[in-house]
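So the chains spell out like this:
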Amino acid sequence: MTIAASGKAEIYALARQRSRIRERLSAWLLMLPALVIVLVFFGIPTVYMVRMSFNLHIDRRLYVPGFTFEHYANLFSNPLFTNAIWTTVQLSLLSALFTVLIGYGFALLVWLKPARWRMLFVGLALCPLLISEISIIFGWWMFFPKNGLLSYALVSSGLITDKISLMYTEFAAFVGLVYVTLPYCFFILLSIFDGIDKRVLEASADLGAPPSITFREVLLPLTRSGALVAFSQSFIWAMGTYATPSALGPDTLWTMGYLIQEQMLGKHNWPMAAALSVVLVIGVTCVMVMTRMLMAKRVAFHD
Amino acid sequence: MTEAVQEPEFTTRSIEPSLLQALSLAFTVFIVAYILIPILVTLVMSFNDAAMIRFPISTWSLRWYHDFFGSPQWTDALKNSIIIALGTTIVSTTSGVLAAWAFERFYIPLKDFWYLLILLPLFMPGVVLGLGVAISFGGLSIGSYSIYGTRELVIIAHSLWAMPLVFMLMEATFRTIDHRIIEASYDLGGRPVQTFLEIVVPMVSTGIISSALFAFVISLNEFVMALFLTDRDTQTLPVLMWLSLRSAGTPRLAVASVILAGAVFACLTLIVLWYVRVLRRTMR
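Note that the protein sequences, when read in sequence, are chains A and B.
Per our numbering, residue 61 is the first one in the first sequence, and the count goes up by one each step.
Per our numbering, residue 63 is the first one in the second sequence, and the count goes up by one each step.
Think of the hints as simulated: they come from the structure by calculation, not from any bench.
Errors might be hidden in some of the hints.
[Said to hold, decoys possible] So these bits of chain A aren't anywhere near chain B, every CB distance computed over 10 Å: (1) Tyr72; (2) Arg84; (3) Arg120; (4) Leu154; (5) Ser192; (6) Lys327.
[As the list claims (entries may be wrong)] Beta-carbon label-pair distances, calculated as ranges: (7) B/Ala328 <-> A/Val260: 40 to 46 Å; (8) B/Arg242 <-> A/Arg178: 30 to 36 Å; (9) A/Leu288 <-> B/Phe168: 34 to 40 Å; (10) A/Phe275 <-> B/Ser309: 46 to 52 Å; (11) A/Asp257 <-> B/Ala246: 37 to 43 Å; (12) B/Pro171 <-> A/Tyr108: 24 to 30 Å; (13) A/Phe275 <-> B/Pro134: 34 to 40 Å; (14) B/Leu332 <-> A/Phe231: 36 to 42 Å; (15) A/Val260 <-> B/Leu182: 34 to 40 Å; (16) A/Lys327 <-> B/Leu172: 38 to 44 Å; (17) B/Arg253 <-> A/Ala69: 41 to 47 Å; (18) A/Phe231 <-> B/Ser309: 21 to 27 Å.
A virtual CB, placed ideally from N, CA and C, is assigned to each residue, including glycine.
Start from the sequences, fold in the hints, and give me the full structure.
Right, here's the structure in full:
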């Protein structure tokens, strides 16, 4: 009797264990395609890119296996590259700042407006997100030059007498860059605003605060960390977006992304392109980690 | 839902003096103009008759539309774009949905780590992803068949952005389903695969359709990775547009933009129609 009972329990335990193994197995099987994509086509290229950045570049060949810090040294000493890094950071910071300012105003507007306007504005904000970057570039490309719409509109309205061209200026690059990063920022900020109870505005007004005080004392503290996330997100996007500034900006506006393309496809210097990419990725990662840390600190502070 | 939001309307009005109202009006005009300018300029220019990009436009015609569809180079690029976008949709939707289901249904050790790993490519600049894939797989060939320049490689590269997005959307969608229904299906003798296909998939169909269409749109619009990974025969429409913008811009580019945007908005309409259909069915 007892032997049979313990045998039965053993069989049950075995069956349970087997089904647990089968469950584990099916979980990994289901994840397999996604993991293959990430590990093989993202993991391997990342590792290989880091390795590539230490290879030699001699005799105009794509690369020669070897080990050198030459490209990194070059990156931080050659004015061509240091300027590019500086330009990229500057342009990204400035465009992220304006993106947040415009995006903040836009999100605030949509939040305050009656709900019937909401769908319209959200649809509008989706436009830059759904349109290919190349189409956006081309749209501005037709707006800024001498024979473009801007110059025509200004001349025909009598504001200026001679045609003007803003094409290939830093301003054009900046306008295009903000346009590309604006929707991400807007949706982050709108979700932050949606989490605020609108009655706080009413309460503040009832206590006699004019709108400016309400904004400074009530809205701003509630949205500060959201604006910070939006800022870092815009900054990261601006760092990675190189086609817009390089197509709309002056020829001398060399960003890191543009130099990566130039080194890779134009100069066929793979190690240099890889080294530039590594630095770009490290920069982006640093910003992401820093934002995370700031966020964590704020949360801890509020607790 | 939306009705509830309408209620505080009067409060916001009451704290908005006329100066603020003027300011908000000015800002509204600014933002609407800012977003619409490049779109409208492109739309208008595509119906231009002249060979030059020049305002004002004197004569209107469909000349450049005829030109676009008469040019094998441009129609081939459009065909490549659509094939690559469809491929990306299939690859990223399948892998993303399955992985999200595994996350929802099973115990996975180090879940946070895998979650972050799957989402990581989404935060990488396209130029870096394109470069990495190009230098790692560009020189590789299977037998005499070189991988570089194939549509398959571009599909995989685009999936690096599309798959994490599908995964993220579907992971959130799967969380909303009622687990008792799945338990009921198991109790009634449904096998896991059968339960997934016949019970779970119909429940989350809206999520699957939306994420698939987003994957399609991402791939259709992307051109930095495609620039690094395609050759003359497989180049996509955005790549061809980028290359010809560098040489000379013609109204043909405006037509290409309109066609790309048209495809994207067709997708968006599909999502909305599907959503309305589902809503109607649940309302009944």
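Right, here's what the structure says about each hint:
Every CB of chain B lies more than 10 Å from the CB of tyrosine 72 of chain A, the least distance being 19 Å, so the non-interface label holds. With a minimum CB-CB distance of about 7 Å to chain B, arginine 84 of chain A fails to clear the 10 Å threshold, and the non-interface call is violated. Taking the minimum C-beta to C-beta distance to chain B, about 17 Å, the non-interface status of arginine 120 of chain A holds against the 10 Å cut. For leucine 154 of chain A, the requirement that its beta carbon stay farther than 10 Å from each beta carbon of chain B is met, with the minimum near 17 Å.
At the 10 Å boundary, the C-beta of serine 192 of chain A falls inside the reach of chain B, the nearest C-beta of that chain being 4 Å off. Residue placement check: lysine 327 of chain A keeps its beta carbon more than 10 Å from all beta carbons of chain B (closest about 13 Å). Between alanine 328 of chain B and valine 260 of chain A the C-beta distance comes to about 42 Å, which sits within the given range of 40 to 46 Å. Our hint of 30 to 36 Å for arginine 242 of chain B and arginine 178 of chain A holds, since their Cβ atoms are close to 35 Å apart.
Checking the proposed 34 to 40 Å range against leucine 288 of chain A and phenylalanine 168 of chain B shows it holds: the Cβ atoms sit about 36 Å from each other. Against the hinted window of 46 to 52 Å, the Cβ-Cβ separation of phenylalanine 275 of chain A and serine 309 of chain B comes to about 49 Å, which satisfies the hint. In this structure the supplied range 37 to 43 Å holds for aspartate 257 of chain A paired with alanine 246 of chain B, their Cβ-Cβ distance being about 39 Å. One distance hint, 24 to 30 Å for the beta-carbon pair proline 171 of chain B and tyrosine 108 of chain A, holds here, with the actual separation near 28 Å.
Separated by about 58 Å at the C-beta atoms, phenylalanine 275 of chain A and proline 134 of chain B break the suggested range of 34 to 40 Å. Distance hint check for leucine 332 of chain B and phenylalanine 231 of chain A: the Cβ-Cβ separation is about 38 Å, which falls inside the suggested range of 36 to 42 Å. Our hint of 34 to 40 Å for valine 260 of chain A and leucine 182 of chain B holds, since their Cβ atoms are close to 37 Å apart. A hinted range of 38 to 44 Å holds for the C-beta pair lysine 327 of chain A and leucine 172 of chain B, which are about 42 Å apart.
With their beta carbons about 27 Å apart, arginine 253 of chain B and alanine 69 of chain A fall outside the hinted range of 41 to 47 Å. A beta carbon spacing of about 24 Å between phenylalanine 231 of chain A and serine 309 of chain B agrees with the range 21 to 27 Å that was offered as a hint.
In this structure, the hints that do not hold are numbers 2, 5, 13 and 17, in rising order.
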